[in-house]
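Number of protein chains: 2
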Amino acid sequence: MTEDIGLFDALYSQRAIRYFKPDPVSDELVHKLIEAATKAPSGGNRQGWKFLVIRDQATKDVIGDYYERGWEAAYGKDNPNPPSIQSHVRRSADYLARHMAESPVLIMACIEHDGGPSTMGRGSSVFPAVQNLLLAARGLGLGSCLTSLHKRYEDEIKELLDIPENVETAALLPVGFPADNARYGPTRRAPVEEVAFREKWNQAW
Amino acid sequence: MTEDIGLFDALYSQRAIRYFKPDPVSDELVHKLIEAATKAPSGGNRQGWKFLVIRDQATKDVIGDYYERGWEAAYGKDNPNPPSIQSHVRRSADYLARHMAESPVLIMACIEHDGGPSTMGRGSSVFPAVQNLLLAARGLGLGSCLTSLHKRYEDEIKELLDIPENVETAALLPVGFPADNARYGPTRRAPVEEVAFREKWNQAW
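Chains as they are written, first to last, in this note's numbering: chain A, 5 to 209; chain B, 5 to 209.
Incorrect hints may have been included.
It does not matter which identical chain is meant; a pair holds if it fits inside one copy or across any two.
[Said to hold, decoys possible] DSSO-like, lysine-lysine: derived pairs with alpha carbons at most 27 Å apart:
id, residue 1, residue 2
1, K81, K204
2, K36, K204
3, K204, K25
4, K36, K25
5, K162, K204
6, K36, K81
Simulated from the structure, these hints should not be mistaken for laboratory data. Just so you know, these numbers come straight off a predicted model, no measurement behind them.
Based on the sequences and whatever the hints tell you, model everything.
See below:
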């Protein structure tokens, strides 16, 4: 337990963990993850987020199967021109796609909405909370990562989990203690100079 | 400067800061905010995020004007049935809408995309980074908040800032040192028991 980790330590060492020990994750820890999520910004303080905590193996198996099919369609054998991703990311993401159902806990982050079309703006109401959850996992010595390939089967997943019409799933978060070969950060990122502009687009920082 | 703040301290005391001192915010601090943002999860490590750092008063004035019009249309006098928001949130958000241009720095967070429709999923590539930036602001003693009412003038804003076709703005982040009347958290949030379900929707945690 490393609950006292510094903010910047956590920000700079959070990374996608996709290999987990089989050890169970207690309700107490899951509660802490979700509570941290609820402290994120919420437009008009509406707090439309919901978190489904899934431990049932049969349900995890079904979700894992959809996830693997989503992976094959997007990055795997069912896509003749898969997007280019770094080899180490591909390797671990491919592993996760085949072992999602073995994650000790799956958390499905959802967002209630007004029935309008799904726009990027809707994401502003839930992904900050997801990021808080992922940072809290880092702080508690847990691993997780932000996945969304289940979205290709949104309707089926919603039916499986009894999710109502006016709710959209946002992220499927596998949670567990990191396996011995899974390490926290640092992540490989472009320097600020490549992503920051001054005053207008393309004006060098 | 409180760069050593603990992770959970930051998560639990971050809140929207909408009143700022006029004191300038150095490039060094802005650099730290953006660097923290780049440590967020990025699908396939694509890092499609960009951050426009705006200090020019004329540009801030134009953006502030659009923002205020967006506020009036969504929550103010131009909406006969404005959404219900808590009175203290309305008061400070109304203040910000009229004083956005006085923010020492505006950061426009953007995301490159493939030209497809704007969906919630696109937000998963940028709002975790925005949340990292907001947490870093908390850690550095700065204030900010996640706003998006400028989106009602997306085309005009993109033209103003020379933002290309395949890029969408995600969030307008005013940044400054908190005014004396602006305090960090805690935020008012529903307990975990109201937002967490076990196994399926509506099954009590």
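Results for each hint:
Neither within a single protomer nor between protomers do K81 and K204 lie at most 27 Å apart by alpha-carbon distance, with minima of 41 Å and 31 Å respectively. Within a single copy, K36 and K204 get their C-alpha atoms only as close as 41 Å, which misses the 27 Å cut-off; across copies the closest is 20 Å, which meets it. In the homo-oligomer, the alpha carbons of K204 and K25 lie at most 27 Å apart only across protomers (25 Å), although the nearest pairing inside one protomer, at 47 Å, exceeds that limit. Taking the shortest Cα distances, K36 and K25 sit within 27 Å of each other inside one copy (20 Å), while across copies they are farther apart (34 Å).
In this assembly of identical chains, K162 and K204 lie within 27 Å of each other by CA distance solely across copies; the values are 10 Å between and 42 Å within a copy. In this assembly of identical chains, the alpha carbons of K36 and K81 never lie at most 27 Å apart, being 38 Å within a copy and 41 Å across copies at closest.
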